[in-house]
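Participant: Residue strings, one per chain:
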Amino acid sequence: MKNHHHANWKANLAIGALLLIFMLIPWFFNAIGLKTGPYWLDVLNTVGLYTMLALSLNVILGYAGMFHMGHAAFFAVGAYTTAILNLNFGWSIFATIPVAALAAGLLAAIIAGPIIHLRGDYLLIVTIGIVEITRIALTNDIFGLTGGPNGLVGIARPNIFGFRLSKPHHFFYFIWIMVGISYVLFNFLENSRFGRALKYIKEDAVAAENMGVNTTLYKLLAFVLGSGWAGVAGTIYASQMRTVSPDSFTFDESVLLFTIVILGGSGNQKGVLLGSFMVIGLPEIFRNFQDKRLLVFGAALVLMMIFRPEGLFPPKAAKLKLSEAWSAKIEGEGDSFSDASSDRKFTGDNLDASPKEA
Amino acid sequence: MMEFLEQLTNGLARGGIYALIALGYTMVYGVMKLINFAHGELFALGAYLGYCLLVTTNLAGSLGPYLAIGLTIIMVMGLVSLAGHVLERVAYRPLRHADRLAAVVSALGASIFLQNAIMLVWGARFRAFGSNLFPNFLITIGGLKIPLIRIVVLASALLVMWALRIFIHRSRMGLAIRAAAIDQKAAKLMGVDVRQVITVVFIIGPALGGLAGLLVGLYYGQINFNIGQLYGLKAFTAAIIGGIGNITGAMVGGLLLGLIETLGAGYISVGWKDAFTFVVLILILIVRPTGLLPERVVEKL
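Going line by line, the protein sequences match chains U and V. In terms of numbering that gives the first Met the number 0, the first sequence has 13 at position 14, counting the first letter as 1, and numbering is strictly consecutive. In terms of numbering that gives the first Met the number 0, the second sequence has 257 at position 258, counting the first letter as 1, and numbering is strictly consecutive.
No lab work stands behind these hints: they were computed from the structure. A virtual CB, placed ideally from N, CA and C, is assigned to each residue, including glycine. Be aware that one or more of the hints could be misleading.
[Said to hold, decoys possible] One side of the interface only, derived from the structure: several residues of chain U facing chain V at Cβ under 7 Å:
#, residue
1, 131
2, 135
3, 294
4, 304
5, 308
[Said to hold, decoys possible] Chain U is faced by these chain V residues, among others (derived, beta-carbon under 8 Å):
#, residue
6, 90
7, 104
8, 111
9, 116
10, 270
11, 274
12, 277
13, 289
The task is simple: from the sequences and hints, build the whole structure.
Facilitator: Right, dumping it as structure tokens:
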């Protein structure tokens, strides 16, 4: 146990140092006079925004295990809420944050109510349907508020105590601080009673229900929370781009977020962070490929899944403490036990084999 | 009334195309429990191969329209099923025992890869099949004028579906497919070669999808590199509406969806056309959580 704490302390120090270096990037770009500095900061800002979205999707897909491929819909609701409140009613950007979160969360609650019990793949297609319906509704200028296919333009910049965020490095700090807040918040969530309940539901919903976990309620809460947080990301996006249009919130965006979470290791926040750097950041580095970028990306996804089917950082399974004799035996058994996590494998052989060994 | 019948036949033809694609989704899902996101792209590949054979190489000009289209159908179905087989070998077989989500992401990756490959080969702009490929005259039935191509599309879709039904219900292989769809493990224990079943499913499904692609090209006259995604999503929705894994369900779902979409666009609003599909999907799933004609076995969760 002591060793474990020691390792944790070291890891935290390393993470702190990395964070400090990361936060100095804008200063560093400026100091060496990098001409393309603002461009690379914009790339990092995009990565940050997607990280925030992916972290919120991770609550739904990673923790609760609900196949949700329509996250862009709630991102859109947040962005449009901010745009409408700012343009039509003159609200400041920061004042719209809670409303954007509420609007996205409320929509999620209304939609999820009747579909939350759907089985994995049925939920997947319904959430794809939600993102498509949302995009079509926005394109058709629903309630006369969304501006149709061209969207809304001229959204104000965020203003903190009279300081107006306008340059890429302003947004760099704004976005990455929000990423940090998301990370810490969801980390708390993961280790709370709520997070444990979600994990249980993901592992075995029937067993969880039988143990008295209100699975419907917890799944609904996870869905609403993740969606509401995507709404906040929408606010940031609207104020950074100063324009919102239906094209930015498509099925493809949802797929991208989905792949980030799975690629990183569904349920593991560090994996999600790395995943968004890979999915959003790497293609920018390979800009020379130009139109072949997506081709390479598609092939890379297939290869990644073949070689690391559980993602870059699979979440650590809750480990049961075994007696030393058992641990030694399992080590000796080798492969036959390592497959036990895959529920679709025929594990009967392994169970039969173990008593003979003993 | 005439207009309604006009819309009805149009909707049925569109629905026939959806049904053909939906069959590929549902068969693969039935046996492997995998959503083959790349299936839409195989359909698009069928459309482009049809374009390549009929227009680029001008097969219609040298062989006469009927022979050319017959030959193209066979070649497109063969080539697309080959592509489907390669896809299964490369992207899905290594993930047979992995987590389901890994297979979903692999399918998404394959889909992105194929869509962009099609775009790189044939370009991003629309490709027109041309109207003089096929002697397309109007047939008058009791005052209702129906273009010949519409009848050809609907008839070939129904014919193929009928043949598939016979195959699934009468042949030994069909029995094996049904057994594997109900319970893969049990089927394996009973001596069914599940790997062979998967191979067959990945040949029939893409062949039907490729045919649907060719029919879309002939029926609507033009194709674009992203039709795969558009039709793929709709057809997958059709498979879900019918109850995924259920072959009759895919046919019913496809035809129903084609009708709803065409009638909705004709009588309610064109702008919301693509949304009807998903609204209907959500409504049906609220009432029947596993589709209209669900699988007969309950999946344990």
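Participant: List, from low to high, the hint numbers that the structure doesn't satisfy.
Facilitator: Hints that this structure does not satisfy do not exist here, as all of them hold.
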